[in-house]
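J.: Use the sequences and the hints to build the structure in full.
Chains as they are written, first to last, in the working numbering: chain A, 4 to 227; chain B, 1077 to 1210.
Treat the hints as calculated values from the structure; they're not laboratory data.
Chain B side only, calculated, beta carbon under 7 Å to chain A, not exhaustive:
1) 1105
2) 1118
3) 1129
4) 1182
5) 1196
Backbone N, C-alpha and C define an ideal beta-carbon position, used for all residues, glycine too.
What follows is the residue order along each chain.
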Amino acid sequence: MTDHAAQESQGLQSLVDDWSTDQETFKRVHWGKAMMWIFLLSDTFIFSCFLTSYMTVRSSTTMPWPNPSEVFALTIAGQHIPLILIAIMTFILISSSGTMALAVNYGYRHDRRTTALLMYATALFGVTFVSMQAFEWTKLILEGVRPWQNPWGAPQFGSCFFMITGFHGLHVSIGVIYLSTIATKVLRGDFERKGNYEVVEIAGLYWHFVDLVWVFIFAFFYLW
Amino acid sequence: MAHEMTEVDTQHALAQTGDGQNASKQGQQHPLGIYFAIWGLLFVLSTFSYLVDYFHFVGFTRWALILTFMWLKAGLIVAVFMHMRWERLALMYAILIPPLLLAVLVGLMSIEADYTYWTRILFFGLLSGQPSHG
Chain A
4 MTDHAAQESQ
14 GLQSLVDDWS
24 TDQETFKRVH
34 WGKAMMWIFL
44 LSDTFIFSCF
54 LTSYMTVRSS
64 TTMPWPNPSE
74 VFALTIAGQH
84 IPLILIAIMT
94 FILISSSGTM
104 ALAVNYGYRH
114 DRRTTALLMY
124 ATALFGVTFV
134 SMQAFEWTKL
144 ILEGVRPWQN
154 PWGAPQFGSC
164 FFMITGFHGL
174 HVSIGVIYLS
184 TIATKVLRGD
194 FERKGNYEVV
204 EIAGLYWHFV
214 DLVWVFIFAF
224 FYLW
Chain B
1077 MAHEMTEVDT
1087 QHALAQTGDG
1097 QNASKQGQQH
1107 PLGIYFAIWG
1117 LLFVLSTFSY
1127 LVDYFHFVGF
1137 TRWALILTFM
1147 WLKAGLIVAV
1157 FMHMRWERLA
1167 LMYAILIPPL
1177 LLAVLVGLMS
1187 IEADYTYWTR
1197 ILFFGLLSGQ
1207 PSHG
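T.: Below, the structure is given as structure tokens:
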């Protein structure tokens, strides 16, 4: 019996070896995890297309772009605070990522109750985020924002806003369903029988990706 | 896809299924502290991003700050929350290199946007910010 671990190279050589030896490329990586990463890679390209289109229309329009700082301002207790709703949504999504990271950790400890609770907490943060997004959409639609026009300037603002935040919101919503399903399975003990909690980590990858996309949307759409 | 179960594969499969004790050691297991630290850092960086807007930084300073905080946050999420820093190079490069190609798309589209912008200015005789019709 040959020692598998001893044969493996490290560093740059491992990159060449893993890809060139007609064997399993991603060593010690659950196939589901590799596939999730590849899915996320393709999703990266989808969101990049949205953001690049947005950059293109925003820099090619001759009309002034509506100021996001003002558009997304709220008046709370008589105080006019710029971009506050988006800031709160950002913190909520980061917190959901935090609870998800902890859930993955507790999953590997086979602590089913804590794992499921943390995952439900993550899903709840997700629901809160989507609800705030629904509030934001409602507010803008009532103010007259449409995909083809808005009261403040370049008409492309509406189409970019609805496409980008809508597609992201869809990802969050799907994530909420995904996480709730996995959490229920964790609680039920499905993975205890298999002795394998990588499923939680894979679901976590998806959720962190949703948070990751928001980082870019926050920077490019709301702060530009 | 023909896949022969070699000795190496068998060992791998055994290591993956394993007994209860083994199973708890597989996958990405790290001290909880690091997640709380990253969580906190992300909060701080997001606050900074927000303050960039709040204090009305403009021009180069604004862009430099926004992009710095953005890349730091993205890096922390991918490296620690998504465990990329503990993965092997084969996976790391397979996922992180392809998105770099997007720089080409962004470059091409920004040239295109510039072209469209000046075409509009010249053709419609517009001054920036003055729509010719509603």
